[in-house]
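A.B. asks: Chains as they are written, first to last, in the numbering used here: chain A, 50 to 459; chain B, 50 to 459.
Everything labelled a hint here was simulated from the structure, so no lab data went into it.
Keep in mind that the hints are not guaranteed to be accurate.
Heads up, the list lumps identical chains together, so a pair's fine if it works in one copy or across two of them.
Dumping the calculated SDA-like pairs for lysine to any residue here, alpha-carbon to alpha-carbon at most 25 Å [stated by the list, open to error]:
1) 359 x 343
2) 104 x 138
3) 104 x 137
4) 104 x 94
5) 316 x 258
6) 104 x 92
7) 104 x 134
There are 2 protein chains.
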Amino acid sequence: MKIVVHKYGGTSVADIARIRAVARRVATAARTERVAVVVSAQAGETDRLIGLARKLMPEPHARDMDLLIATGEQASVALLSLALRCEGLATETFLGFQAGIVTDGNHGRARIEHIDPARVRAALEAGRIAVVAGFQGMSFDGRVTTIGRGGSDTSAVALATALSADRCEIFTDVEGIKSADPRICPDAKLLKCITYEEMMELADTGAKVLHTRCVELAAKHGVPLVVRSSFTEGEGTRVVPEERRLEGTVVTGISLTKGEAKVAIRKVPDRIGVTARIFKPIAKAGIDVDLILQNVSEDGYTDLTFTVPKGDLRRAMTLASLAARDVEAGRVEAAGDIAKVSVVGLGMRSHAGVAHTMFAALAEDGIAIQMIGTSEIKVSIVVGIHQAERAVRVLHEAFGLSFSTGAPVA
Amino acid sequence: MKIVVHKYGGTSVADIARIRAVARRVATAARTERVAVVVSAQAGETDRLIGLARKLMPEPHARDMDLLIATGEQASVALLSLALRCEGLATETFLGFQAGIVTDGNHGRARIEHIDPARVRAALEAGRIAVVAGFQGMSFDGRVTTIGRGGSDTSAVALATALSADRCEIFTDVEGIKSADPRICPDAKLLKCITYEEMMELADTGAKVLHTRCVELAAKHGVPLVVRSSFTEGEGTRVVPEERRLEGTVVTGISLTKGEAKVAIRKVPDRIGVTARIFKPIAKAGIDVDLILQNVSEDGYTDLTFTVPKGDLRRAMTLASLAARDVEAGRVEAAGDIAKVSVVGLGMRSHAGVAHTMFAALAEDGIAIQMIGTSEIKVSIVVGIHQAERAVRVLHEAFGLSFSTGAPVA
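Okay, chain A solo, but in the shape it has when bound (with noise of 0.2 Å):
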């Protein structure tokens, strides 16, 4: 028998009807396969652990903090292996080190070091379902740790690989990867297949369904996902290496992050090693760059833009504004009222044709473009936040998305 292990998101259980209608769903699918089932803690569940830690202290200890929130998980756990006996089956429940899985000592973003899953294999091979907790492992010196962002999926997909499991089934309260946001497009369609590869550059732009670092490690294995919905019997996208993706399409899809600022250093001297000098404070305070754009220089000056998350913008401001005078730049700008819309596709390498494709049909819009980036499979655009969803309207039409020429092949 194959093994499969579904993976069950917060909303997925928040209540007590929707874990009965998850074990609904895993007893089906275990008439015919070993079923191992991650999940994740109730929606809002680790809000409030979270809230209760804050009133104490504002920024609560990293280590008290991942014994807390990891009630979460132990709590979904236990309610998704009674409501499984309900439906006749029989389970045996792991928490995260139960299952093997051991990590580093970081708290609050454990790295997976190891996952030894004998024990969890040994319940699959007795006919049990494997409920085990996401979100948390152990550090090799004994304390619970939970494993940061990508939490539960992140879990499910390293457990799936220590399993060697036929694939992973991340259910979620989408239907699956649409070429958009159908909050912005409402003729976005499903994609029936997609890349790792393709998958990473959306999730990192925004599409959020999957986090980029568990799509990386499925990648790196070779475990195929699937994303579907726990409230409907659709499908969902398969997300594949490429080979198994026929050739054909150019652009897959359309995202839209809208979490962004940007900072701007005028003036900035052209010499070597000067850019490094302004990154390294930034690189040190852990703040995430994305995208970072230099032009040519004019008379032995250049201006350089970056962006980092909304949240880290004001340290970002501070950081870049010592740099600038260390490094006798000019004046820092920064705004935080912009967004990034990106096209991704795995046929871009071979088509050099979409950015033009990209920038007339925004021109004609009359949608200003203030930055520009691009990847191997991707190009992203930094526009005005008012302009952001037309962006991406304009798009998805450009690439004739919502029509079937453009679909995917699975």
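Got chain A sorted already, so can you dock chain B onto it with the hints?
C.D. replies: Okay, now just chain B, sitting in the frame of chain A:
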């Protein structure tokens, strides 16, 4: 430096303000002693979790319940650790299994088999406050268990024993142990000192401040207990071995239990083995029988009466009726409107007059005694529930407990 174990119950950590108060108290103690703190789930949390599980199934599987309920203590540990850090203390947190608490595999009512306190001791010796989850442990095969009745108090005493602590202080929502329930006898006085044995009888008959199991454990290992309030500064009640108490007191306290019901079997043939046949199915069903009374027989028949927890009355009736038919006894009667009042005191052993004083005082007040039972240091009577509180007041006065004459000497 001496080691002391503090235990704080659910009401003591019910909200953030109270958790802060606990942290301040621990901080004060930590100036002169090494402190390990055992903590319960926040008041109401365990019931909330049980409620969730009961929505899924009326009698949830015990293993899953243990996993679910154990989250309550885990959250308290994390929150208290944060609060202690706010007080400038270094802490180390321990779930049951991390504190080395190994139990048998009886979910929901596991017994502590063994404690290896090496990690807790190391934390204390390194100058950290050890914050330990009460009520939980882990079975030999790695399953999370809860230790049932007596819960966190038992954890605390067991840990104090394993650490050879100077004493175990149980912080609760009352000032200490009183000579009677102050809601019934407003002039009941706080006992400065009480023996383990008296405490067990009081706990058993409804004082409910400490569970028998925890007192038994303390007695076995000679760990001095202190019961005191987490809300006031009083010194509470010390629970000590017999030899530390001076003579002089006959009766220490009066207790009241309302949770029982009685079952009477009429005309039981007075033959050897009949009583055993009647109680076998009841014992097998796990029903807790408290008082058992059988009068001398008349014409080869006797009446047999016993008390059971009210919640088990229906089951006990069914089993008693079957057994009565089996042994050819007469009809079975039951009554739930009873209460048990007990007079407890170590001095009673050498004072035969206690029973007489008791019965005379009750008779004078027109209170009808339905059943009488005695143990070495206790006389219990069963009365109608509507006369129960009056009986407590009458006896409290009859034994002079309101006055200093009857006060136990510390």
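A.B. asks: Are the hints correct? Go through all of them and say.
C.D. replies: Evaluation of the provided hints:
{"no.": "1", "hint": "359 x 343", "result": "within (21 Å within a copy, 80 Å between copies)"}
{"no.": "2", "hint": "104 x 138", "result": "between (41 Å within a copy, 18 Å between copies)"}
{"no.": "3", "hint": "104 x 137", "result": "between (42 Å within a copy, 17 Å between copies)"}
{"no.": "4", "hint": "104 x 94", "result": "both (16 Å within a copy, 18 Å between copies)"}
{"no.": "5", "hint": "316 x 258", "result": "neither (40 Å within a copy, 74 Å between copies)"}
{"no.": "6", "hint": "104 x 92", "result": "both (20 Å within a copy, 18 Å between copies)"}
{"no.": "7", "hint": "104 x 134", "result": "between (38 Å within a copy, 13 Å between copies)"}
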